[in-house]
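Reminder that position 18 of the sequence shown reads as 35 in this note's numbering, one-by-one numbering, no gaps.
Be aware that a few hints might be false.
Said to hold, decoys possible - The list that follows gives simulated cross-link-like pairs (lysine-lysine, DSS-like), each with its CA atoms no further than 25 Å apart:
(1) Lys237 x Lys287
(2) Lys293 x Lys230
(3) Lys174 x Lys185
(4) Lys160 x Lys35
Since the hints were made in silico from the structure, they are not lab data.
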Amino acid sequence: MNLLSTLYLKTNSHTDEKNSIGLFAIGSGRRFFSYSLEKIKIANSIIETNIESSIRHTLKNINKEVDAYNNSDLKFNDFGLNEASFDYLNTYSKGILSFEKLKPVAIDIEKSTFDNLFNLLVNSSPEKSTIISFSRRVNNKLKNKAFDQVDVKYDIKPSIIETYAAHKVDFIGKNGSFLVGNSIDFNGRPETIDRSIMEFKAITNALESLSVKLNLPRGKYNIYCNEPESKEGKTFFNKVYSDNEKSFNLYTLDKLDDVINQLESTEYIKFSEYLKEINL
18 MNLLSTLYLK TNSHTDEKNS IGLFAIGSGR RFFSYSLEKI KIANSIIETN IESSIRHTLK
78 NINKEVDAYN NSDLKFNDFG LNEASFDYLN TYSKGILSFE KLKPVAIDIE KSTFDNLFNL
138 LVNSSPEKST IISFSRRVNN KLKNKAFDQV DVKYDIKPSI IETYAAHKVD FIGKNGSFLV
198 GNSIDFNGRP ETIDRSIMEF KAITNALESL SVKLNLPRGK YNIYCNEPES KEGKTFFNKV
258 YSDNEKSFNL YTLDKLDDVI NQLESTEYIK FSEYLKEINL
């Protein structure tokens, strides 16, 4: 039986957004495996943490196991390169690297057909390469020099917001009052979006309590999002947008340009520097 599995890198922890970076196949009594270094580099530029080295290490190990199997005269040891292993990885691998279950294909897989499938399923087409993900659009905005005045991708400590774990915001700074921004992909699942909103509300409530304690004016707390594509997503967006009781502003991503203009025309200090000033 000829079987095929695509390997993906998850580029957004809040949605199912992922990029194909490798292909594994069983056919003609052999195992076939290849991955794209270019696609890994692209995915690494989108993901907040640098994962390129660890992903390449993992893929090299898979490659070694494939070579060991193909060069072995005794095929009773498949080095875990079988359907059961990929079913397990598909179910329980919840990290950045994900594996499809091995699926049967109606062609004989040999080196030439595998190479054609790899080019079709993994190598980017010109149309796909022009698509810029939401998280990458956000990160490109945050690279603007204006954001040097504030903390970017900042983990607010539990002691500050009275939680059990640190919570990350896209940016946070102070000019009299706090300026805080976070991005949420509204093309994700509603329950995921709702969870992200509730987390941000908890952060804003804690920071407002801190502002009262320190006798600071009310802060500005903004969520930046994309325009939802699905009907369900648009309904959810309108529900959040029309909520007059919410403790934050909801803007589309283009409004980050207004923040850039504001930072360029006004002096801000980083939230982390302010905490040092007040010894908190």
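Verification of the hints:
1. Lys237 x Lys287: Between Lys237 and Lys287 the Cα gap is close to 15 Å, so the pair holds against 25 Å.
2. Lys293 x Lys230: OK: Lys293 and Lys230 at ~16 Å, within 25 Å.
3. Lys174 x Lys185: 9 Å, holds
4. Lys160 x Lys35: 22 Å, holds
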